[in-house]
Amino acid sequence: DIVITQDELSNPVTSGESVSISCRSSKSLLYKDGKTYLNWFLQRPGQSPQLLIYLMSTRASGVSDRFSGSGSGTDFTLEISRVKAEDVGVYYCQQLVEYPYTFGGGTKLEIK
Amino acid sequence: EVLLQQSGPELVKPGASVKIPCKASGYTFTDYNMDWVKQSHGKSLEWIGDINPNNGGTIYNQKFKGKATLTVDKSSSTAYMELRSLTSEDTAVYYCARGYWFAYWGQGTLVTVSA
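Those sequence lines, one after another, are chains A and B.
Counting from 1, one number per residue, gives the positions in the first sequence under the numbering used here.
Counting from 1001, one number per residue, gives the positions in the second sequence under the numbering used here.
As a list, the in silico SDA-like pairs of lysine to any residue whose alpha-carbon atoms are at most 20 Å apart:
#1 Lys-1063/B - Val-97/A
#2 Lys-1067/B - Ser-1085/B
#3 Lys-108/A - Ser-1040/B
#4 Lys-108/A - Gln-1039/B
#5 Lys-84/A - Ser-64/A
#6 Lys-1043/B - Gly-46/A
#7 Lys-1063/B - Asp-1/A
#8 Lys-1013/B - Ser-1085/B
#9 Lys-1023/B - Ser-48/A
#10 Lys-1063/B - Ile-2/A
#11 Lys-35/A - Ala-1103/B
#12 Lys-1063/B - Pro-100/A
#13 Lys-1063/B - Gly-105/A
#14 Lys-1065/B - Tyr-99/A
#15 Lys-84/A - Gly-16/A
#16 Lys-108/A - Thr-5/A
#17 Lys-27/A - Glu-1046/B
#18 Lys-1065/B - Asp-1/A
#19 Lys-35/A - Tyr-1100/B
#20 Lys-1013/B - Ser-1114/B
#21 Lys-35/A - Trp-1101/B
#22 Lys-1043/B - Gly-106/A
#23 Lys-112/A - Leu-9/A
#24 Lys-108/A - Ser-1044/B
#25 Lys-1043/B - Glu-110/A
#26 Lys-1043/B - Val-90/A
#27 Lys-27/A - Gln-1062/B
#28 Lys-1065/B - Glu-98/A
#29 Lys-1063/B - Glu-98/A
#30 Lys-1043/B - Leu-109/A
#31 Lys-1023/B - Ser-1007/B
#32 Lys-1043/B - Asp-1/A
#33 Lys-32/A - Ser-57/A
#34 Lys-1043/B - Gly-105/A
#35 Lys-1043/B - Thr-5/A
#36 Lys-1043/B - Val-3/A
#37 Lys-108/A - Glu-17/A
#38 Lys-1063/B - His-1041/B
#39 Lys-1043/B - Pro-45/A
#40 Lys-1023/B - Pro-1009/B
By construction, these hints were calculated from the structure, which means they are not laboratory data.
Quick caveat, the model's predicted, so the values are computed rather than measured.
Turn these sequences into a full structure, and let the hints steer you where they fit.
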């Protein structure tokens, strides 16, 4: 199975600052169609996960342009600019390039 | 509006089975696979498997083969996941999510396995 690794954030973030969340895959998520099959989700406390980014860098419908995704075949970053209180929660990345789909362990975002 | 409506919490005894529904609305049910995801308390997400509502074809995470069975009822636009031979390790929230990017999720069903 593809292993997805996410780091913890070292410190809470101040509102208005920017933050980068990283995600690494044990195998390239670049498929032969040229697309990279990585999703980003935010799970707010007590809620279901919400899709933020799919195909590594495409924002889902209705998602703020403060969220952006980038990366290569195995290393990925979710950037959140001008962090707000509503961004608090756990961020997960997920690979969909092969079965079984796998998720990272999550990165918790806290606001000072 | 796309909605995936799941049932309320379940308290089940060890060794028993439970069948969780996920009723879809707001889109054509047969246009998208339905995926299922497990989240144990305070932990990350595990993909269980998915089902093609057109033909009932399924793909399972090897870890959940023998534990979970996915089915659909096209007439009611409802997907089901049955979990059997339940143990304490199966206590978790189970989500259905619409396939193709997991853009829509149900609200989750908490299954608690306890005597």
